[in-house]
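Enquirer: Sequence:
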Amino acid sequence: MTTSIPDKNAIEQAPIAGNVQMSWAIKALPHNTSIMDMGMIALTLIGLTALLNGIYEIFYLELPLQKRSIFLSAHFGTVCLCMTLYFWTLVIRQKYIYHYVVTDKEIDVKYKTHFPKLAGTFFKWLSGIFLFAVLVFIIFNPSAAWLLAGPAGISIVSAIHLLNWKNPTKSLRFTWDRPNLVITDRKRNLVAVQRHHNPKMRLEDNYLYIPVHLPKADIDKFLVLAKKLTRPSTSFEEGRDKN
1 MTTSIPDKNA IEQAPIAGNV QMSWAIKALP HNTSIMDMGM IALTLIGLTA LLNGIYEIFY
61 LELPLQKRSI FLSAHFGTVC LCMTLYFWTL VIRQKYIYHY VVTDKEIDVK YKTHFPKLAG
121 TFFKWLSGIF LFAVLVFIIF NPSAAWLLAG PAGISIVSAI HLLNWKNPTK SLRFTWDRPN
181 LVITDRKRNL VAVQRHHNPK MRLEDNYLYI PVHLPKADID KFLVLAKKLT RPSTSFEEGR
241 DKN
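Be aware that the sequence shown starts at 1, since it is given in our numbering, and climbs by one per residue.
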């Protein structure tokens with residue numbers, strides 16, 4: 001889902017050649033997450049099932065510790081849910097803030113990961129607590145160490161990365177004579193500006209993929225501008241962008 005946010009100083013941050021035609025800032029998901037979302041839903045259901053079964057064994061059946069399930073336990077369910085929600089929220093569905101400037105010569109985009117102002121401190125504390133919780137769980141449940149090879153291992157790597165948290169700004173730029181394919185994905189409010197692969201060209205001159213995230217009301221306005229500024233041979237298609 002794409003959400004429009006105020007454009008404070010996109011033009012000042014991206015001085016490029018030509019006369020400015022459009023400029024905006026927007027918060028959006030950088031990739032299509034539908035497949036990963038289904039996987040995260042499945043892991044959430046597994047964790048919830050294990051948690052409920054563990055609660056059932058403890059409080060309803062009143063089973064002793066030795067007779068309780070190892071994997072369908074309250075401990076496993078809690079850790080699985082925490083890891084899944086952590087990874088789902090902070091990695092898979094992590095949004096970016098994009099600042100676009102479109103001129104009659106070029107398109108320039110600067111983008112960075114979207115985090116609240118206190119994200120640095122919060123993520124460092126959260127990552128430390130998460131790593132400590134996982135280590136304690138493994139110490140008291142050695143049979144669950146196999147989790148380190150699955151979702152737990154991925155989440156631990158993410159937690160370590162957040163301990164050294166930085167949020168650099170990246171940039172992309174291209175001139176209007178380069179693209180020869182424009183795909184409009186209206187479901188994601190996205191226009192993908194691309195260049196068909198040509199094996200006769202150098203990679204640095206050949207590759208082009210710029211995702212242009214737009215407010216829904218500005219999609220047609222951008223397409224009119226793109227058709228005017230790109231080469232006549234450029235193909236314009238409507239459909240789902242695979243990236």
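A couple of the hints might just be wrong.
EDC-like, lysine to aspartate or glutamate: derived pairs with alpha carbons at most 20 Å apart [to be verified]:
hint	residue 1	residue 2
1	Lys221	Glu238
2	Lys187	Asp37
3	Lys228	Asp104
Ranges between beta-carbon positions, derived for each pair [what the hints assert, rightly or not]:
hint	residue 1	residue 2	range
4	Lys117	Gly39	42 to 50 Å
5	Asn141	Tyr56	13 to 21 Å
6	Ile58	Lys187	38 to 46 Å
7	Ile160	Leu52	25 to 33 Å
8	Lys67	Pro215	55 to 63 Å
9	Ala42	Arg186	27 to 35 Å
These are computed hints drawn from the structure, not numbers from a lab.
Every residue, glycine too, gets a C-beta built ideally from N, C-alpha and C.
Enquirer: Would you mind marking each hint as holding or not holding in the structure?
Expert: Each hint, compared with the structure:
For the hint pairing Lys221 with Glu238, the CA-to-CA distance comes to about 15 Å; that is within 20 Å, so the pair holds. This hinted pair checks out: Lys187 and Asp37 have alpha carbons roughly 16 Å apart, not beyond 20 Å. A threshold of 20 Å between alpha carbons decides the hint, and for Lys228 with Asp104 the separation of about 9 Å falls inside it, so the pair holds. Under the hint 42 to 50 Å, the C-beta atoms of Lys117 and Gly39, about 31 Å apart, miss the expected range.
For Asn141 and Tyr56, the hinted distance range of 13 to 21 Å is satisfied, since their beta carbons lie about 19 Å from each other. Between Ile58 and Lys187 the CB atoms are about 45 Å apart, so this pair conforms to the stated range of 38 to 46 Å. The hinted window of 25 to 33 Å between Ile160 and Leu52 holds, with their beta carbons roughly 31 Å apart. Separated by about 58 Å at the C-beta atoms, Lys67 and Pro215 satisfy the suggested range of 55 to 63 Å.
Remark: the range hint 27 to 35 Å for Ala42 to Arg186 is upheld by a beta-carbon distance near 28 Å.
The structure shown violates just one earlier hint, number 4.
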